[in-house]
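Residue numbers (this note's numbering), protein chains in the order written: chain A, 1 to 246; chain B, 1 to 204.
Source of the hints: derived by calculation from the structure; they are not laboratory data.
Just so you know, these numbers come straight off a predicted model, no measurement behind them.
Treat the hints with caution; some may be incorrect.
Claimed, not checked - List time: in silico BS3-like cross-link candidates among lysine-lysine, alpha-carbon distance up to 27 Å:
id: 1; chain 1: B; residue 1: K144; chain 2: B; residue 2: K84
id: 2; chain 1: A; residue 1: K23; chain 2: B; residue 2: K84
id: 3; chain 1: A; residue 1: K20; chain 2: B; residue 2: K84
id: 4; chain 1: B; residue 1: K84; chain 2: B; residue 2: K69
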Amino acid sequence: MQSVLEWQAGTVRAIRPETKQTKSFTLALPNWMVHRPGQHYDVRLTAPDGYQTERSYSIASPPEQVGELELTVERIADGEVSPYLHDVLVPGDQLEVRGPIGGYFVWEVSLGGPLLLVAGGSGVVPLMAMLRHRAAQHSTVPTRILYSSRTADYVIYHDELDGLAASDRAFEAFYTFTRQPPAGWTGYRRRIDTAMLGEVIKPFDKRARVYVCGPTLLVEAVANALVQMELPIEQIRTERFGPTGA
Amino acid sequence: MAGLISRGFLGRRRPAEVEDRLPPGQYLVTDFPVLSAGPTPHTPLDRWSFTIEGLVRSPVTWSWDEFQKLASQTYTVDISCVTKWTKLDTKWLGVSVDTLLEAVQVDPIARYVMAYSDGGYTTNLPLDEMVKGQAFVAYQFDDKPLDPVHGGPARLVVPHLYFWKSAKWIRGLRFMERNQPGFWESLGYHIHGDPWKEERYSGD
Numbered sequence: 001m002q003s004v005l006e007w008q009a010g011t012v013r014a015i016r017p018e019t020k021q022t023k024s025f026t027l028a029l030p031n032w033m034v035h036r037p038g039q040h041y042d043v044r045l046t047a048p049d050g051y052q053t054e055r056s057y058s059i060a061s062p063p064e065q066v067g068e069l070e071l072t073v074e075r076i077a078d079g080e081v082s083p084y085l086h087d088v089l090v091p092g093d094q095l096e097v098r099g100p101i102g103g104y105f106v107w108e109v110s111l112g113g114p115l116l117l118v119a120g121g122s123g124v125v126p127l128m129a130m131l132r133h134r135a136a137q138h139s140t141v142p143t144r145i146l147y148s149s150r151t152a153d154y155v156i157y158h159d160e161l162d163g164l165a166a167s168d169r170a171f172e173a174f175y176t177f178t179r180q181p182p183a184g185w186t187g188y189r190r191r192i193d194t195a196m197l198g199e200v201i202k203p204f205d206k207r208a209r210v211y212v213c214g215p216t217l218l219v220e221a222v223a224n225a226l227v228q229m230e231l232p233i234e235q236i237r238t239e240r241f242g243p244t245g246a
Numbered sequence: 001m002a003g004l005i006s007r008g009f010l011g012r013r014r015p016a017e018v019e020d021r022l023p024p025g026q027y028l029v030t031d032f033p034v035l036s037a038g039p040t041p042h043t044p045l046d047r048w049s050f051t052i053e054g055l056v057r058s059p060v061t062w063s064w065d066e067f068q069k070l071a072s073q074t075y076t077v078d079i080s081c082v083t084k085w086t087k088l089d090t091k092w093l094g095v096s097v098d099t100l101l102e103a104v105q106v107d108p109i110a111r112y113v114m115a116y117s118d119g120g121y122t123t124n125l126p127l128d129e130m131v132k133g134q135a136f137v138a139y140q141f142d143d144k145p146l147d148p149v150h151g152g153p154a155r156l157v158v159p160h161l162y163f164w165k166s167a168k169w170i171r172g173l174r175f176m177e178r179n180q181p182g183f184w185e186s187l188g189y190h191i192h193g194d195p196w197k198e199e200r201y202s203g204d
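Let the sequences and hints guide you as you build the complete structure.
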């Protein structure tokens with residue numbers, strides 16, 4: 001990122017509901033730039049009187065999706081920007097963005113693995129960009145995702161993750177449900193803890209490169225557990241959102 | 001800054017006295033979001049120290065107990081994170097960088113400071129923006145010991161710059177002649193980081 005990051009007006013190509021709370025927005029960008037999976041874009045809204053506000057959203061699309069940018073955004077009920085994106089924006093509208101931004105919470109095939117992705121809620125979005133990139137590159141880096149959601153209704157990209165897991169022997173998806181697991185569920189049904197993490201990371205052991213994204217409490221718990229397992233801290237990269245308390 | 005008018009967007013307005021305290025592009029929060037690039041360090045206080053080094057006549061190191069005995073003061077400041085949130089009237093207790101500098105003789109050629117932290121985090125600052133009450137090392141927030149997720153046991157606070165400059169888990173300051181990028185400054189973020197000039201990213 002040596003050059004000035006200019007604002008550009010993307011055109012909304014498609015809006016796809018992912019869950020009740022999240023939608024994916026595909027934008028065509030006039031000045032599209034290749035990004036690194038895990039990076040984000042800034043979005044800026046401007047009112048008729050010049051009032052502006054900005055937010056950052058993780059990129060969901062892989063860099064192989066040339067010319068387009070996909071952002072998956074959770075609707076925050078009392079938010080200022082996400083309700084606009086969810087309730088007002090329609091295909092054909094323009095949306096001002098600039099990016100890509102961020103250079104630490106990134107993974108690309110050349111970094112290798114084994115790769116462990118740990119997601120809480122909409123924290124899965126930047127991790128999905130990594131998985132889509134990995135699939136587009138036909139990478140065989142051993143990869144696992146451990147994804148914590150309240151219920152199955154909250155799981156973003158569920159079909160796509162299951163499809164990837166079914167077609168790629170080097171990739172496995174593990175889910176845990178913290179409120180209500182689906183009927184007949186035999187997998188994890190609690191918050192991510194050290195025991196669960198230990199089971200999922202086992203084949204990778206201390207070689208794992210780990211990316212953790214989610215609410216602060218989840219990220220703290222996971223990162224602290226990984227440190228206790230003596231994973232080198234430079235192999236643990238985190239991205240957090242939300243306040244510290246309940 | 002001009003922008004494309006967003007069809008159907010009116011925005012959330014706040015009283016002028018609040019609006020005037022929000023730097024461009026920022027929004028107000030009342031909680032305290034957490035952002036960090038890696039695991040939270042948990043350094044025991046008996047192994048904690050704070051050092052001033054680099055271009056100083058003789059470096060000085062304080063233990064936790066010694067640091068607690070330095071003159072402290074309370075600060076009520078507004079803070080702005082590059083991820084767009086601003087929090088007003090945050091209340092801290094800490095030691096002014098001016099107080100720390102009384103213990104060393106800084107070489108007159110020193111113009112920049114690298115703050116460094118547990119976990120390897122670094123961030124660079126101009127020396128003249130660290131003095132005269134502009135920066136402090138805080139160990140209490142809201143009358144309680146600073147929570148590790150917010151940078152405890154102690155963090156730098158430089159309220160007039162984006163909050164990534166307020167290094168969490170700080171362990172020392174290194175005085176330098178030339179400016180050098182720290183952690184985020186090497187990864188595309190602005191070398192200076194003034195929220196009122198919206199110096200978010202390299203090139204802004």
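Give me the numbers of the hints this structure contradicts, sorted from smallest to largest.
As far as the earlier hints go, only 4 is violated by this structure.
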